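Engineer: Sequence:
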Amino acid sequence: MRPYEELQHVHDGVGISARRVGELCVHAAFCIGRTRPIAAMLADAGDSDVRSAVMGRIDHCPSGSYSYALERGGETIEADLPQAISVLEEEDGPASALWVTGGVPVTRSDGRPLETRNRMTLCRCGRSGNKPLCDGTHREIGFHE
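For what it's worth, the numbering used here labels the leading residue of the sequence shown as 1, then goes sequentially.
Calculated from the structure, these hints are not laboratory results. Please note that the accuracy of each hint is not assured.
[To be verified] Simulated restraints, written as ranges between beta carbons of each label pair:
#, residue 1, residue 2, range
1, R34, R2, 31 to 37 Å
2, G103, G56, 20 to 26 Å
3, D80, H144, 28 to 34 Å
4, S48, V10, 18 to 24 Å
5, I141, D44, 34 to 40 Å
6, L81, R108, 18 to 24 Å
Since the model is a prediction, treat every value here as computed from it, not as a measurement. Virtual Cβ for every residue (Gly too), placed ideally from N, Cα, C.
Working from the sequences, and respecting the hints, build out all of it.
Structural biologist: Here is the structure:
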């Protein structure tokens, strides 16, 4: 897999540059929100409340698919997360991905390391088309423990 920086799509708004790597997405829907998706909100990022809301949604993206900087090409801003591995919980119970935070190194079953990231989600159902990363397939197949 190419480095994530090469895979990212960049979307700019006033005072923020949102970056998305679709290959990392677990489809947790924090980017869509209840009202408007991040992409639509960026058009109004000149409003500091909207810009703060975009940052908050990105900070809650469990897979790290979304990240942001304060300007295009700027340094990525990430929450200071502890090194941990836990199970993400869905609304109907813990049947989601393994959530890996804080730059825990992960090695694939073939011995190749994944790019170390602050946040990532790993498949637990065994059916992801993007293994070892979770792609949200667990929802489609009704995976439960």
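Engineer: Each hint should be assessed against the structure and marked as holding or not.
Structural biologist: To see whether the hints hold, each was checked on the structure:
For R34 and R2, the hinted distance range of 31 to 37 Å is satisfied, since their beta carbons lie about 34 Å from each other. Checking the proposed 20 to 26 Å range against G103 and G56 shows it holds: the Cβ atoms sit about 22 Å from each other. A hinted range of 28 to 34 Å for the beta carbons of D80 and H144 is consistent with their spacing of about 33 Å. The beta-carbon spacing between S48 and V10, approximately 21 Å, falls within the hinted interval of 18 to 24 Å.
The hinted range of 34 to 40 Å is satisfied by I141 and D44, whose Cβ atoms lie roughly 37 Å apart. Take L81 and R108: their Cβ atoms lie about 22 Å apart, and the range 18 to 24 Å holds.
Every hint from the earlier list agrees with this structure, and none is contradicted.
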